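Visitor: Spelled out, the chains give:
6 protein chains.
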Amino acid sequence: MQQKSILTLTKDIRFEGYMLVRMSEQRTGSNGTKYLDITFADCTGELNGKLWDGTVDPPSVGSVVKVRGVTQEYNGRLQLRIEKLRPLDDTDKVDMNLLTPSAPENPETMLAELTDTVKALHSAPLRSIVEALVNRYSEKLLYYPGAQRIHHAERSGLLHHTLGMLRLAKAVLPLYPQLNAELLISGVIIHDLCKIEELDSDELGIVKDYTAEGLLLGHISIGVTRIGETAKDLGITGEPVLLLQHMLLSHHGEDMYGSPRKPMFPEAEMLHWLDIVDARMNEIDMALSKVPPGAFSEKVWSLDRRLYQPQYDRLDSE
Amino acid sequence: MQQKSILTLTKDIRFEGYMLVRMSEQRTGSNGTKYLDITFADCTGELNGKLWDGTVDPPSVGSVVKVRGVTQEYNGRLQLRIEKLRPLDDTDKVDMNLLTPSAPENPETMLAELTDTVKALHSAPLRSIVEALVNRYSEKLLYYPGAQRIHHAERSGLLHHTLGMLRLAKAVLPLYPQLNAELLISGVIIHDLCKIEELDSDELGIVKDYTAEGLLLGHISIGVTRIGETAKDLGITGEPVLLLQHMLLSHHGEDMYGSPRKPMFPEAEMLHWLDIVDARMNEIDMALSKVPPGAFSEKVWSLDRRLYQPQYDRLDSE
Amino acid sequence: MQQKSILTLTKDIRFEGYMLVRMSEQRTGSNGTKYLDITFADCTGELNGKLWDGTVDPPSVGSVVKVRGVTQEYNGRLQLRIEKLRPLDDTDKVDMNLLTPSAPENPETMLAELTDTVKALHSAPLRSIVEALVNRYSEKLLYYPGAQRIHHAERSGLLHHTLGMLRLAKAVLPLYPQLNAELLISGVIIHDLCKIEELDSDELGIVKDYTAEGLLLGHISIGVTRIGETAKDLGITGEPVLLLQHMLLSHHGEDMYGSPRKPMFPEAEMLHWLDIVDARMNEIDMALSKVPPGAFSEKVWSLDRRLYQPQYDRLDSE
Amino acid sequence: MQQKSILTLTKDIRFEGYMLVRMSEQRTGSNGTKYLDITFADCTGELNGKLWDGTVDPPSVGSVVKVRGVTQEYNGRLQLRIEKLRPLDDTDKVDMNLLTPSAPENPETMLAELTDTVKALHSAPLRSIVEALVNRYSEKLLYYPGAQRIHHAERSGLLHHTLGMLRLAKAVLPLYPQLNAELLISGVIIHDLCKIEELDSDELGIVKDYTAEGLLLGHISIGVTRIGETAKDLGITGEPVLLLQHMLLSHHGEDMYGSPRKPMFPEAEMLHWLDIVDARMNEIDMALSKVPPGAFSEKVWSLDRRLYQPQYDRLDSE
Amino acid sequence: MQQKSILTLTKDIRFEGYMLVRMSEQRTGSNGTKYLDITFADCTGELNGKLWDGTVDPPSVGSVVKVRGVTQEYNGRLQLRIEKLRPLDDTDKVDMNLLTPSAPENPETMLAELTDTVKALHSAPLRSIVEALVNRYSEKLLYYPGAQRIHHAERSGLLHHTLGMLRLAKAVLPLYPQLNAELLISGVIIHDLCKIEELDSDELGIVKDYTAEGLLLGHISIGVTRIGETAKDLGITGEPVLLLQHMLLSHHGEDMYGSPRKPMFPEAEMLHWLDIVDARMNEIDMALSKVPPGAFSEKVWSLDRRLYQPQYDRLDSE
Amino acid sequence: MQQKSILTLTKDIRFEGYMLVRMSEQRTGSNGTKYLDITFADCTGELNGKLWDGTVDPPSVGSVVKVRGVTQEYNGRLQLRIEKLRPLDDTDKVDMNLLTPSAPENPETMLAELTDTVKALHSAPLRSIVEALVNRYSEKLLYYPGAQRIHHAERSGLLHHTLGMLRLAKAVLPLYPQLNAELLISGVIIHDLCKIEELDSDELGIVKDYTAEGLLLGHISIGVTRIGETAKDLGITGEPVLLLQHMLLSHHGEDMYGSPRKPMFPEAEMLHWLDIVDARMNEIDMALSKVPPGAFSEKVWSLDRRLYQPQYDRLDSE
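Chains A, B, C, D, E and F, in that order, give the protein sequences.
Residues in the first sequence are numbered consecutively from 26, following our numbering.
Residues in the second sequence are numbered consecutively from 26, following our numbering.
Residues in the third sequence are numbered consecutively from 26, following our numbering.
Residues in the fourth sequence are numbered consecutively from 26, following our numbering.
Residues in the fifth sequence are numbered consecutively from 26, following our numbering.
Residues in the sixth sequence are numbered consecutively from 26, following our numbering.
If you are wondering where the hints come from, they were derived from the structure by calculation, not from laboratory data.
In this text the structure is predicted, and so the values were computed from the model without any measurement.
A hint or two may mislead.
Since the list gives no way to pick out one identical chain from another, each pair is judged satisfied if it fits inside one copy or across any two copies.
[Claimed, not checked] Restricting the straight-line Cα-Cα distance to at most 30 Å, the calculated cross-link-like pairs of lysine-lysine (DSSO-like) are:
1) K165 with K324
2) K257 with K144
3) K315 with K287
4) K233 with K257
5) K91 with K29
6) K165 with K195
7) K165 with K144
8) K59 with K29
9) K315 with K233
10) K59 with K75
11) K29 with K233
12) K36 with K109
13) K233 with K324
This is chain A alone, in the form it adopts within the complex (with noise of 0.2 Å):
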């Protein structure tokens, strides 16, 4: 029997089954008795639980545990008293897909869409480049999420967000000519490719920190930078080069967004707007996930706004 999700969870309900461990903690209550404090997770949220047991040793977050106990409530927030907790052994066979965030696709399956897009490339110096590039990421791309927070941060997320991306410009290269499909292709495989430098995931695709560099430098002068150097050890050098670079650089269209550059020519605007609108379809979906028709979300500050859910059967009725 599949366990219950935390989403589901209200007051007074039996569960059992198997969490992600998030925070977990030894503390003393102010009657001096000691007790764990845990925060679980599935991929459909966090809860948090009490073990009142001074014997139990605290689990190590990121691992995953058997659980049993009851919900209650408690300053109107749900929380699960813990009655029975152990570590996985051998007979378990726990489904991750249920514990953590996935992107919807099999994560194999999208990234031989994209090298078989990659191989497809006439054009011998970006080609070169592009498959240099996914090549030293291309076991980490696996897995790695899109962002920390707010858009495809999920297992694969990244190659979701990318994938999402080189499908969209597939459908619109048609209608604008003007645009070179091979450089507008190219630049969307690898212009996030570098936030495996920056952001420090687990296989879960959970991020906990960004890394130094990614601190101190950012995904985009990083992947600047391993643009240059992918180059050189490949021999190329000048315009595909300097377009590639750019591009990456102008990718989040401005400065106060990090680009320290506008995109300057036709590709890089419409990187930068790709960009853009599948993140946000990303971010609008999750928000709106949980909020049922004619009503409205509260304020998602990434956005700076509150999301309202259409009543779509309406549009027929009335």
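Knowing the structure of chain A, use the given hints to seat chains B, C, D, E and F on it.
Guide: Chains B, C, D, E and F in isolation, oriented as in the chain A frame:
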């Protein structure tokens, strides 16, 4: 024989052909002699001319004249020393497309594609409202430009821009199944219709100025009101009206660009993006049309940057 | 005997009287006992209370109850230990003005002053439009607040604010003969009427939330549409409609405050300033009401500053 | 016979009368002949003139001359071909009000209204300080303009603006009983007095430039210092001084407009509003003075908008 | 034996020593028992403590007490379970430097360096003004902090900051011969003196709040007035006064940081940068003091960034 | 005899000497005669000249010519009526320092001071990287300007600016012992080196335009890449590379000035400050060079203010 276009003229060239009169005045030189000072235009640019004959009446602004003369340089700028100038008569066959910038597709064909799309909408309330609005403005829609300057400032430019967005919407919709296609398409078609009330354009697509309504209210506020009136006439209330009004209100994205509301549901956000992308691609295309490969444009003020014309041929050879 | 107001309560005070229920929930303490957690309010403030009795049903939010108890301090905040709590019965005589903040004048008298002013307008088109709009909203205008928070957040506050501006307009008009009095007065009366469609208020003037129309369109856009509809119904077109719509559209002064147009004629500019000054005087008055002479308020966020209560008596003695 | 005003001149008009000299220089034409190049002004505008006579000395800037000539158009602008030019002699009777813009009321009468108000103040410390400051500047106050440009840039404009605010204050005070009338009135009277130290104006109210003190310190900082000095001389300390200094410091409302403090008590806030309203009404009045009903002004840079002259007669007829 | 500093305390440590009382209140627990809730401080940080004895009076805020107890963890934060608490008596020898942060140099020595520099000024007017101002504030200058928070928030911090800038000025002057050394040095010494009127600090350098003058006028406006008064008393007028007043007025660089004038001559510009660099170095130093090599601080709000502690030892070995 | 400098020329002066050609074109006058229109320059300014001889070929831009003529005023501006003009021949001895602005110190001496400092660095990785970069650019460093305009726009200006900062760093370091001197000095030396790839300058230090790399990437991004490549070539990795790259990336201080990262450690912050101070002192020096004591400059756009030349002599006498 086809006449030379202004863009191609250089010093000491004999010109004969039709031109549009943009400015026309009789002046007195420092030596007391009277002369005509005229600014001509064709679809590629403008050219100043002088006719040193005090007896000729200045042609009216907005008219087309036949003119003959020789180009010369004065203070570093090209000028036409006019030898002969006359109004059109019945024998003249003028191709207006050579004199004013026009959308690259036939207006009737474009309008047909638009109205076919409207007829194919399944949602009765959306279709009724959109149909009524398109009918209201269809005659002027055939020639109205998209703006006074900046992007799609050309005969039938408004239709051209709307259709560009419509095709883009259709290309993008399969990638985002969460979007309601009918709602997005309806929003695209009506989003800028009230520019017809905002701008005062002649049938050549040349905007003399904004209208009083355009300056005091703007096309967004006029549009929201027109949707309201139209729905009231049709007896439609509630969700479809509210959603369309919000999409129109928010399609510029932010208050600083004239939208008092940010897009609050996915179709409104996508509409905003389609609008920007189509406008930007057109604007960049125009700005780069005279820039040779490997060179930069002057600063484009509306984009706050210089643009670069890539050397696409080097993507293969280097 | 009149009940004590919440503002005057201190520690260890016995309270008996009527209070408005703002929040009401049954909770379970850490020791498992159930209790009621209620937030009470009167027109001077709010007070949290606990009833340690698991058998009492929580009263409904928005209702008035009779309550008895003793104040005590908990974590530095005052709290009511509830001894008895019951709903109203027929014998209770509650003065609602003690429970919710209300405008300092009688609503019917204020409305009469407003409608008398409307009737005295000489301009037929202005009078017809303004009269129709006031009639449309007059019932709710009697109790609607001016805002959810900030200024005039009180029963009949919208009417209070409108009347304050109206009197100010009449005081100011003799000094600026270039202003058209009829136009300015008309603008004042209708400028905020559509807050009645924007906010969802009960008859006590307490706003639960914004309406969907309020969030998706805002009272300014709704108002422009309502003027248009009303004028159309009355067969009025042209200048009077356009001027009123612009005044409404521009009365917040700038796009960053929700006005997509800045005021473009003198009456629109004056309307904007009348609105600000009446709102500000009310807001500052509220914020300083609890500050003794010579002291400063905490930072008032909506004004982005601390306020000072002057020692007026020292203006003579020093 | 009254002379023609510059505003009313058109091409080929004979002019004879007095004009103020704004610019005056001897130049050499391309053919080597010397001529006088003069810019004249009256209270309605400016006019350039040429005197083709190398033997005439250029009149001094700021002087009034008698001039005769004929208007002609040169490069689309009106110009005066000067036939005769001479300085004033004893027989000339010049009405300076025709030559420079002046406040519409008599300066002595305005100053009397101001000083009467000061004498009527009951608060001894406020009256003493305000009286001392008005006395200090009263002579120059008779003719100083309110600004170099923008609003009240006219002879006695500073007095005109101050009196406008004073009357406005008296009209508004009955509506806000929480305001201390004496404090507000004192603030109004002294708020801009130190513009007399900031600007370098001649007795016609024409500002040549800012003074060094004006540029390095500004009238606000000078004013705060002058209040301090004056109070010290009078032996007044504490609240009255502090309140007046804060009102002066904060009357521009925000740091970006030169006020390092926002208004922190009600009279300071009201002072700020009175200042803006009176200045804006004057500025809009000026800008619309040449715009016919139903038309728009050019963009007014200081207001960042175009202005509209309403068709007030249509408020009744439509 | 020296007492343990708060920064070094961990769980279950016995503490005995002197501490400063920052907050002190008697509270009632949920079970009705009364207890003391005290926040202690030494120069390394703060620590909350509880004394479970309803009969002990709360010590006064700002006093020093002798305290004994054991640390424990409560809700993840360290707390002191107080066993004994008493006020100081004559036998106690308290080193105040251990209890409050102090500048790293002796105040008297620092003041002497400052006054020696003043005496060495050759310019009579500058020296007289600066000397008078330093004398006016010298007593409080010995202990005043540089700010309530942010930088140099320590006993004698104002003197420390001023001296830091003075030494920096002397180091920098030889490189920019265009700078007038006397003027720059004078500006440095007086630039922040009026913080003594702006802040209300006790002799330990702890700021309770801003003064009324500080909030209503600010140290910059107070300072400009004090220079004016001082110069008037000394009979000095013109350039020296104007230059000093401008330097003080502009030393925050921009209106958004409280300077209504930008620096307009070289010494004013340099003063602004000396102020920033000395403050920043101090602020960064503080923020990094607890960050180990290779790690990042939390976001420092006043600097709007995280800080990094470099691994300096790797500059040689790698 | 030394030739007259352009700055000192007035009307009706005979000039003979060498000048740099900035602009050069053959034009046709309104009467059909051809003439040469040339803009000359020396290190003090520019001067337009006309040669009324249709047979002379225009000299090439950037060349130096010998010219003779007489100054005259035309439309209020000085102009040279050229009598004779010829290219240089072998007998001409031109002191280029008179023709183009140059740094006040000898380039070779300055470069020697720089390289000596590099050699004295103890940190092997820092020294290797800095040495390799200086070597890479040392030839062009001898003459490159610091910018196209604004500050240090002079021959060898980049070296001059770098050396100014280096000396400033050495003066400041003793005051902040927490700073790592080697790191700061390394950052100073390389921070602007890649302006040599960003700007296209001739050997006179005159910048024709930005390079394509300069416009598409900017000297900051190029610099980060060059550090990376250089370190890779040298086999250096980790902390030294990361710190240098961050210092370069952040030396403009904020994203709005082209730095995608704010300085995150003390040396990076100090580098930013040294850069601003040295640039500002140079810029203010230039702007004030023609302003007499007691006067103000016109508005300096890059500084957004007018500047004042103090009357330093009054600091003693008043």
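Visitor: Measure nothing new, just compare the shortest in-copy and cross-copy C-alpha distances for K165 and K195 to 30 Å and report within, between, both or neither.
Guide: within (25 Å within a copy, 34 Å between copies)
Visitor: Could you place K165 and K144 in one of the four classes (within, between, both, neither) given a Cα distance threshold of 30 Å?
Guide: within (20 Å within a copy, 42 Å between copies)
Visitor: How would you classify K315 and K233 at a CA-CA limit of 30 Å: within, between, both, or neither?
Guide: Both, since 26 Å and 21 Å are each at most 30 Å.
Visitor: Please work out whether the CA atoms of K233 and K257 approach to 30 Å or closer within one copy, between two copies, in both situations, or in neither?
Guide: This pair counts as between: shortest inter-copy Cα distance 29 Å, intra-copy 33 Å.
Visitor: At most 30 Å between C-alpha atoms: does K233 with K324 qualify within a copy, between copies, both, or neither?
Guide: both (25 Å within a copy, 16 Å between copies)
Visitor: What label fits K165 with K324 when the C-alpha limit is 30 Å: within, between, both, or neither?
Guide: between (34 Å within a copy, 28 Å between copies)
Visitor: If the cutoff is 30 Å on CA atoms, where do K36 and K109 land: within, between, both or neither? Let me know, please.
Guide: Both, since 18 Å and 28 Å are each at most 30 Å.
Visitor: When no copy is named, should K59 and K29 be tagged within, between, both, or neither for a Cα gap of at most 30 Å?
Guide: both (29 Å within a copy, 27 Å between copies)
Visitor: For the identical chains here, do K91 and K29 meet the 30 Å Cα criterion within one copy, between copies, both, or neither?
Guide: Result: close within a single copy only, 13 Å intra versus 43 Å inter.
Visitor: For K29 vs K233, is the C-alpha pair at or below 30 Å within one copy, between two copies, both, or neither?
Guide: within (26 Å within a copy, 34 Å between copies)
Visitor: Between K59 and K75, at a C-alpha cutoff of 30 Å, which is it: within one copy, between copies, both, or neither?
Guide: both (10 Å within a copy, 19 Å between copies)
Visitor: When no copy is specified for K315 and K287, does a C-alpha distance of 30 Å or less occur within a copy, between copies, both, or neither?
Guide: Answer is between; shortest inter-copy Cα gap is 20 Å, intra-copy 36 Å.
Checked against the numbered hints above, the structure breaks none of them.
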